[in-house]
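Visitor: Listed below, chain by chain, are the residues.
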Amino acid sequence: MNEFLKQFLIEGRELVEQATEDLLALEEAPDNRAELDNVFRGFHTLKGLAGIVEFAAMSRVLHAAEDRLAAVRSGERSVTGELVTDLLFSLDQVAQWLDELEREDRLPMVPDAAAAALVARFQTTAPETPATTAMVRTEQADWIEGLLSDHPQGREQGGVAVRYRPEPDCFFRHIDPVALIAQLPDLRAIRLVPNDPWPPLQELDPFACNLTVTALTGGTLGQVADQLHGVAGRVEIQALDPARSWRPTALSPEAMAILEEQLLLVSDPAEEGFDGRLGSAGRISTNVLRYMGWAAEAQKLQHGLDKSLALGRAEPFAGVLRQLLSRGSDEAAAIEPDKLSFLRSDEIAVRALRVEVERIDALVRLAGELTVAKNALGHVSRLAKEGATPETIATLLSDQYALLDRCVQQLQHSLLGIRLVPMRHVFRRFPKLVREMAAHLGKSARLVTEGAATEVDKAVVDALSEPLLHVLRNAVDHGIEPTMQRAASGKSAVATVWLRAARDGEQIVVEVEDDGAGIDTAELRRVAEARGIAAADEIAAMTQDEITELIFVPGLSTAASVSDVSGRGVGMDAVRSAIARLGGQVEVETRPGAGTRVRFRVPFTVLMSQVLTLEAGGQVFGIPMEIVVETVRLPRDRIMRVGAAEAFVLRNRTIPLINLPHALGLARDPLDDSYAQVVITAGAGQFAAFEVDRFGDHLEIMLKPVDGLLSGLPGIAGTTLLGDGRVLIVLDIPELLN
Amino acid sequence: MDKRILIIDDASLVRLYYRDALQRAGYSVDEAMNGLEALEKLLVTPADLLLVDINMPKMDGLTFLKSLRRQPMPLAATPAIVVSTEAAPQDVEAARRAGGNFYLVKPLTQDTLTRYVGLCCGIKS
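Which chain is which? The protein sequence lines are A and B, in order.
So for the first sequence, the working numbering puts the first residue at 405; every next one is plus one.
So for the second sequence, the working numbering puts the first residue at 6; every next one is plus one.
For the record, the hints were derived by calculation from the structure and aren't laboratory data.
Don't take each hint at face value.
[As the list claims (entries may be wrong)] Straight-line distance between alpha carbons at most 25 Å, and here's what the computed DSS-like set of lysine-lysine pairs gives:
{"hint": "1", "chain 1": "A", "residue 1": "K778", "chain 2": "A", "residue 2": "K847"}
{"hint": "2", "chain 1": "A", "residue 1": "K704", "chain 2": "B", "residue 2": "K111"}
{"hint": "3", "chain 1": "B", "residue 1": "K111", "chain 2": "B", "residue 2": "K8"}
{"hint": "4", "chain 1": "B", "residue 1": "K63", "chain 2": "B", "residue 2": "K129"}
{"hint": "5", "chain 1": "A", "residue 1": "K704", "chain 2": "B", "residue 2": "K46"}
{"hint": "6", "chain 1": "A", "residue 1": "K778", "chain 2": "A", "residue 2": "K836"}
{"hint": "7", "chain 1": "B", "residue 1": "K63", "chain 2": "B", "residue 2": "K46"}
{"hint": "8", "chain 1": "A", "residue 1": "K789", "chain 2": "A", "residue 2": "K778"}
{"hint": "9", "chain 1": "A", "residue 1": "K711", "chain 2": "B", "residue 2": "K63"}
[As the list claims (entries may be wrong)] For each label pair, taking beta carbons as the anchor points, the in silico distance ranges come out as:
{"hint": "10", "chain 1": "B", "residue 1": "P51", "chain 2": "A", "residue 2": "K789", "range": "43 to 49 Å"}
{"hint": "11", "chain 1": "A", "residue 1": "D630", "chain 2": "B", "residue 2": "P79", "range": "53 to 59 Å"}
{"hint": "12", "chain 1": "A", "residue 1": "L815", "chain 2": "B", "residue 2": "M78", "range": "31 to 37 Å"}
{"hint": "13", "chain 1": "B", "residue 1": "P62", "chain 2": "A", "residue 2": "D441", "range": "33 to 39 Å"}
{"hint": "14", "chain 1": "A", "residue 1": "Q911", "chain 2": "B", "residue 2": "P51", "range": "45 to 51 Å"}
Ideal Cβ positions, reconstructed from N, Cα and C, are used throughout, including at glycine.
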C-alpha cells in the first residue's frame, strides 16, 4: 500500500469515528449549530480525503451527504432521525470500505449502482449536482499555490481552480485535453506541465498524453463541473474564496523552535507555577503566530489557551499547538523524516497506538536518568577496585539501588501510560448499535454514555467490548419494555440505556443501566425450579439478590420470547467468565419495574499483576492474587473423597480440592502427612482449593502474555522473570478448572 | 507599539548592548541587575518580555523564574527568554524547568536578539 493510502486509512478511520460521535451528539441537540458544523466539517474532510486518493464512489456518497447537511445548515431542512440514520449508514459504509482497503491492499471496487443507491438516500428532492462526480479537494494544494503564484489576481478575484490530468491514451478517446479546458467559461489562466520530463525527440511517443493542465476560470463550480463532466474522474476542482486568507508564509525554523519550546514548557504539569508557564507560553506562541501572519491560527490558539487556563491543564492548548506545529512543518517542507515516521508508522491504525508527545518526552527523560544511574554504578565498581571500604560501597550501592528503583517504577508507569486509551474507543460504536437493535425490535431506545474519556489499558478496553455488547443487547432486548407497555406504566416512550465508565482506585467500573422492567425474579424462581437448578424450598428461601445471581447460571434464561437480537438472554455466564478473565467481577442489581444495572469491575491495567508464588511438584508457580481468597493449613482428616475427587468443608461451604502437582502432571514431592497446604481461590464464580507443596512470596510482577510454544498450553495466564533469572509461570486458574 | 522589555543581567555592558538594539527597534526598555531587583520592578510595572541572565548575584535567573511563575496571574505569565553563556542540554532543561520560555546562548548579535524579541512580541521590525 502506498503512503497516501496508508495515511488515508488512518485518517479516514479517525474521521469516521469522530463524525459518528458528532452525529450522535447532533441528534441529542438538533438545534445546536456547533454540533451541526462539526458534523458538516467531518463529512467535508472525509470527502476531501476520498478525493485525494481518487476514491470516486466514496467521494460521491459523501458529497451527497454533505449536500444534505448543507441544506440543513442553510435552514432549508431540519435534522431528522431519518437523516441521522442515513448519515450513520453512509459512515458505516465508508468504514466497511476502509476495512476492505486494509484487507485487500487496494481501493475497493464499488459498483456504480451501489454508490448510486447510497447517493439516492440523500436525494429526496434535489438532483445530484454535477460537481458530485468530480473530485473536489478541500485543502489548499500545491498546484493551486503554483497556479496562483503565476496568476496572483486569483487570490483577490477568487474563481475556480481546475487541475486535469488526462489519461495517457486520452487522444484515442477523442479527448483533446487542452481544447476541453480552453472551453471553460471566463478562462483566465492556463498552465501546461509535463507529468514526466520530455524525453529526447526520437523517443517521444506523440500518441501518449504527458500533460497536466491547470487552469483558473471565473466560472462557477457548477459550470466548470458541467463542462468537465465527461472526464470527471481525472479532474480536481477547487473554488477559490477571495475572502480566505491564503497563508503567505510558512513558519520559519526560528518560529518553529520557539513554538516547540512552549510545548515542552507546558508539558510538565507537575511543576510549580503551572499557570504562569502556561500563560507565558500562550502569550509567546500567539505572538509568534501573529508575527508569521497566522492571525486566524493565533486566535484559535488563544481560545485553546483560555480553556486551558480555566481548566488548569495543558490541553487543549497543547493539542492546538501541536497541530499547528505539524502543519507548520508540513508547509515549511522542513519535515524531519524520523519524526514523521513516528507519527505515520507502517502499522495500520487499529494496531497502532497514537502516543502523545509528552508521554514520549517523559520516556526520553527517564532514559537519561537511567543512563546517569548506570554510569554511577561504573563509578562504584571503580571505587571498589581502588579499595574503598565495604561500608562506603554498601552506602553507594543502596543509594544507586534507590535511584534505579525509582527510575524503573517511573518507566513502568510511563509505559502503562502509553497503553492507556479512553473508553471512547469501545463506547463509540454502541450508540448506533443500541439504536439499530431497538429499531429492529420495534422499540425505541437511546444510549447515554458517561465517562467515555476514562482512560484504561488498551488490552482491557479491547476485552470489554464483547461483554458490554452482550449486556447492552440484553438491556435492549429483555430489559426495555415494548413502547406500548412503557406508555401504560407511565414511562417515556423512548427508553434510556446508560453506559458509564469511571476510575475507582486501581479499578475501572463500567456499568450498563436501563430504565426497563427489571429482571422478573418470580419468573426466575419458577424457571430455576423447573430446570432443577436447586430444590424448591432452597429457592423459596433465597433472597432477591440471590435469585438475581441465578442469571449467571449457564443456560438459564427468563426471556419469555426468543429474538434474533440476543437469543435466549445470551449467556450472562459467558459475560461473567470474560470479565473474570480480566480479573474483574460482575454485579447485577435490579428494581422491579424500574430497571436493571449490570456493573463490571475490572483492573485498570492487566499489565501489573499481584501474584502469590507457590511450589508444586518442586516447581514455582504464580497465581493471580485477585482470585486468592485465603490460604489454609488443612488437617488431612478433614479432606473427604467424593468419587474420584476430593473436597473439604470450610465454614459450612463445601470446596472441591485439587492436587496441583497432580493436575499439572508433575511428580509429587513427599508431603506433610498430617496437614495439607491449601490455597482457596474464587474465579469465574466458583470456589476451588488447590493443594500445594508450600507457599512463597507475594510479588508484584509485569505479566507477559505467553507466546511461541507455550501459547498452545491451556491454563497459563502468562510468564514473568524472577529476580534470580528463573521464569515464573502464572497459572490461569479458571481455565485450569475447565 | 509600546512593548516593554526588561533586561535582567548583572553585566552593565550586556544591558547597554541589548538596550541599544531594542531601543533602535522601537521597544521601550528597562533594566534590572539581578532577579530580586527585577521582581521589585515587575510588581510595580509589568513587562511584555523578559531577557534573563542565569548567573547573577543576590538572586540568580533560575530562582527568579521560579518565583516569577509562582506570582499571581497575570504577572506569573510574563514571557521570559533566558540568555546564558551555558549551552549544555542540562542547562536548557534547567531553564525550562524553572519556567523559561526560550533559551538563547551568548554571545548574541543585536540582529538575532531583535529577531527573537520581535517573534516573541509578535512585532515585525
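Visitor: Are the hints correct? Go through all of them and say.
Guide: Evaluated hints:
no.: 1; hint: A:K778 with A:K847; result: 65 Å, violated
no.: 2; hint: A:K704 with B:K111; result: 34 Å, violated
no.: 3; hint: B:K111 with B:K8; result: 23 Å, holds
no.: 4; hint: B:K63 with B:K129; result: 35 Å, violated
no.: 5; hint: A:K704 with B:K46; result: 33 Å, violated
no.: 6; hint: A:K778 with A:K836; result: 53 Å, violated
no.: 7; hint: B:K63 with B:K46; result: 15 Å, holds
no.: 8; hint: A:K789 with A:K778; result: 17 Å, holds
no.: 9; hint: A:K711 with B:K63; result: 37 Å, violated
no.: 10; hint: B:P51 with A:K789: 43 to 49 Å; result: 59 Å, violated
no.: 11; hint: A:D630 with B:P79: 53 to 59 Å; result: 57 Å, holds
no.: 12; hint: A:L815 with B:M78: 31 to 37 Å; result: 35 Å, holds
no.: 13; hint: B:P62 with A:D441: 33 to 39 Å; result: 57 Å, violated
no.: 14; hint: A:Q911 with B:P51: 45 to 51 Å; result: 48 Å, holds
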